[in-house]
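Student: Protein chains in written order, with numbering that gives the first Met the number 0: chain A, 0 to 326; chain B, 0 to 305; chain C, 0 to 281.
If you're looking for bench data, these hints aren't it; they were derived computationally from the structure. Don't be surprised by glycine CBs; every beta carbon is placed ideally from N, CA and C. Keep in mind that a hint or two might mislead.
As the list claims (entries may be wrong) - Ranges of calculated distance between the beta carbons of each label pair, as one might list FRET restraints:
{"#": "1", "chain 1": "B", "residue 1": "Ala42", "chain 2": "C", "residue 2": "Leu142", "range": "29 to 35 Å"}
{"#": "2", "chain 1": "B", "residue 1": "Tyr3", "chain 2": "C", "residue 2": "Gly109", "range": "18 to 24 Å"}
{"#": "3", "chain 1": "C", "residue 1": "Phe107", "chain 2": "A", "residue 2": "Asp134", "range": "46 to 52 Å"}
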Amino acid sequence: MEKLLEIKNLYVNYKTDEAVVHALNGFTLDVYKGETLGLVGETGAGKTTMCLSTLRLLPEDIGEVVSGSIKYNDIDIMKASKNQMRQLRGAEISMIFQDPMTSLNPIMTVGEQIREVLDLHYPDMPPKKRDTRVDDIMKLVGILPERKDQYPHQFSGGMKQRIVIAMALVSEPKLLLADEPTTALDVTIQAQILELMKALKESFNSSMVLVTHDLGIVAEFCDNVAVVYAGSVIERGSIEQVFSRVKNHPYTDGLFNCIPDLTSEAKRLTPIPGYMADASNLPKGCKFADRCVRCREKCKETEPELQEVDKGHFIKCWYADERSGET
Amino acid sequence: MLKYTLKRLLLLIPVIIGITFLVFLVLSVSPGDPAVMMLGVEATEADIAAKRAELGLDQPVLIQYVQYMLKAVRGDFGKSWYQGFDVLNEFSHRLPYTLTLAVLSTIVAVVIGIPAGVYAAVRHNHMPDYIITFFALLLSAAPTFWLGMMYQLFFSLKLGWLPASGAGSWKAFILPIMSLTGGMLAGNSRMTRTWLLDVIRSDYVRTARAKGNKESVVIVKHALRNSLLQVITQIGVGFSNIVGGSLVAETVYAFPGIGSFLSAAVKSKDIPIVVGCIIVVSVIVGITNLVVDLLYAVVDPRVQLE
Amino acid sequence: MKKGQMELVWIRFRKNKLAMLGLIVMVLLMTVCLSAPLWLDYSKVTTQSIINAYQAPGGGHIFGTDQFGRDLFARIIYGGRISLFSGLITIGIAFVVGVAMGGTAGYFGGVVDTVIMRFCDILMSVPGVLLSMTIVAALGQGLVKMLIALSVAQIPRQARTVRAAVMTLRGQEFIEAAKCCGTGNTRILLKHIIPNVLGPLVISVMSGLGGTILSIASLGFLGIGIAPPTPEWGTIISENQASLMYYPFLGIIPGLCIMIAVLSLNFIGDGLRDALDPKQKN
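For reference, chain A alone in the conformation it holds in the complex (with noise of 0.2 Å):
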């Protein structure tokens, strides 16, 4: 399969007033063309920064690259011009945020910052092709576009995120980053959306990263799945790899263990003892070695590489073959 996008080693941070956060240390991913990927991890663990840093939309004077390279199909967007930059977003590389109730302009109509995207990317194309467009891709997300002279404030939240979709499908984009596209959606709703998102992507052929902290999505919409602790990708590999559970990294070990299992005879859930490190002091060696069942004195001193245990299935630990104890 051919590589879309190549996340090598990444660090990442933020500068703010009280202390520098590392937000992404070594961060290394690929996305295969085509691929629908999760990438799965708790709050703070890097996966938005990821999405932001491949469109070079990292907060101003605030978030930096420190280094690691980014490329996409050969382009290296650490070092692409600003005009080059432009034509990659919103055409190639589509983001859907986290909030649709923030990420839709408040003053302008749903209609025109749709059709913005094809204003920016598709110039040659006549006016009316565009407002055709439009209306094709309100209908395939489920908004009469009949509607596309209203504001933001007169739709729900869940049609918001509609049009989030909307706006970043409109442009039959290669990559679609969607971050938490169904976090602030009720789970109804989310399903819903997600199979809207799945189905477009195929019908253009799309590759798309899901990010979520959710293994349920990921177990039912993705191809494979990523997952990522305190700013790096300590697994990967496809669905049934890693939900089979033969060979897991201990961290996703205990996620699997947060969730219930009606099969177990578990009385209780078990929760990953600890918090994630501090990101703005981390440790030295693992950064999981202090939450881990399987910490031995060398993770303390030293970092693992990611290793691969199957074909395409890697694990980012010195005892990646090991079992965590079963619950």
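Given the structure of chain A, go ahead and fit chains B and C onto it with the hints provided.
Tutor: Coordinates of chains B and C only, in the frame set by chain A:
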């Protein structure tokens, strides 16, 4: 919209009745008998009584007030107690000067203040930002009348470029406008900067960037339009302050508007002039606020006029 | 606000150089003006000496002398007492009345709210300076009368700020929770609402203070503030207006004093805003 406008205009009436009544009440309890002040201490009891009757001062305050308002509605604002001229007639000569001054000062404050604020926000934490913020802070801390005097000293007396007083030519308007606009200009630029910085960090501006917009388009089309909403709401307040400031600034420049006229009337307690002035100013301020609200509703689709 | 929160605000405030500068200048100004009777004889303020008229700054008189040969430095120091403390008292009155009015209006809503807010609308229908001028005209000149006149102009602004803040708080869960526990209205207002609206209120008070000092100067300049020969920064400028062309320092120095005082207050106000609401910081 029309219904709303009419409703707001009707709502102005109780406000004007309220403020004029308040002023009437306060002025009526104030020490000193106007009749005595007008006729001088040598006047006889009978003369004073006659004068009091002529002015209606022998009536209870409420009756005086109702009588005054009944006349005012018909366009009769009474005569100045000490100078004898018709108040409304005098207003009609003086008001255009003050309004010109206030409107032009507001325009200058908007035309210079808002772009300055935008520039400061775009060059946030760089030299232009510091310079603009510094000048805005200085301007907002300087008393209007003092600024006026300093401009006078420098531009008229020292350089001889502009007339120091009066309203003889368009040149005479420049210094009063410069001193009046200071506070609002500073306010506009600081507010535009603050709100723009606020909006620039918002999610929808990030969305606009993610679409592949140019930075200039992101700022003007997406960020500025949203931050201006906040600035517009302040224009009414700024205008009201400028009208207030003109009362003082006109005195500095012996400018023939209602300001210099009013401050003299306040000192001599010339009630018809003071009350007339309050009515006129509150109508102007009320209408300005209405215009601002209408403008706001036009720019922001979320605002529902009711 | 809890003690810990106060400490946090102070830590953030301390980091702001301009705000600290403003605070230091303000404390210095206040101390110098307040302690003036201890080291500067009041007679210097009023003693006239025609031979010494129009002395340039420096020499025996730090800021020079005016047309009557009065020492400008002494007049400015004693004038500062009036300007600064009138400002503080005015804003103090406006604060107390504004909190009472705005808090009541915002918390109870309905008719109470309508009545109070319409009253504020009426007071705000004319510019503050005009309102103060009219009240001074009615009551006559004098310190107390001027304080009343200035407070009346400030009250509606403070009341509106408090009301808006209280309105947003009113519907929030922790207020509902307090109600469910059977807490009385007064207690909810004093214990739960007022401490939470302190932030916006402090900001509005600080900007009101700067504005009030400017208004005092304006009234003084128009000759309807504090009656002469008591010095006050605005009246000092107005007394010297005629001599300004030949002796500009007589106008520049008192004007700069006003600017420095207001600027310091604005710095403190901005610093407090950033410290109280770090999200808004830029």
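Student: Now look at each hint and say whether the structure bears it out.
Tutor: Against the structure, the hints come out as follows:
A C-beta distance of roughly 32 Å is found between Ala42(B) and Leu142(C), which places it inside the suggested range of 29 to 35 Å. The hinted range of 18 to 24 Å is satisfied by Tyr3(B) and Gly109(C), whose Cβ atoms lie roughly 23 Å apart. Between Phe107(C) and Asp134(A) the CB atoms are about 50 Å apart, so this pair conforms to the stated range of 46 to 52 Å.
The structure agrees with every numbered hint stated previously.
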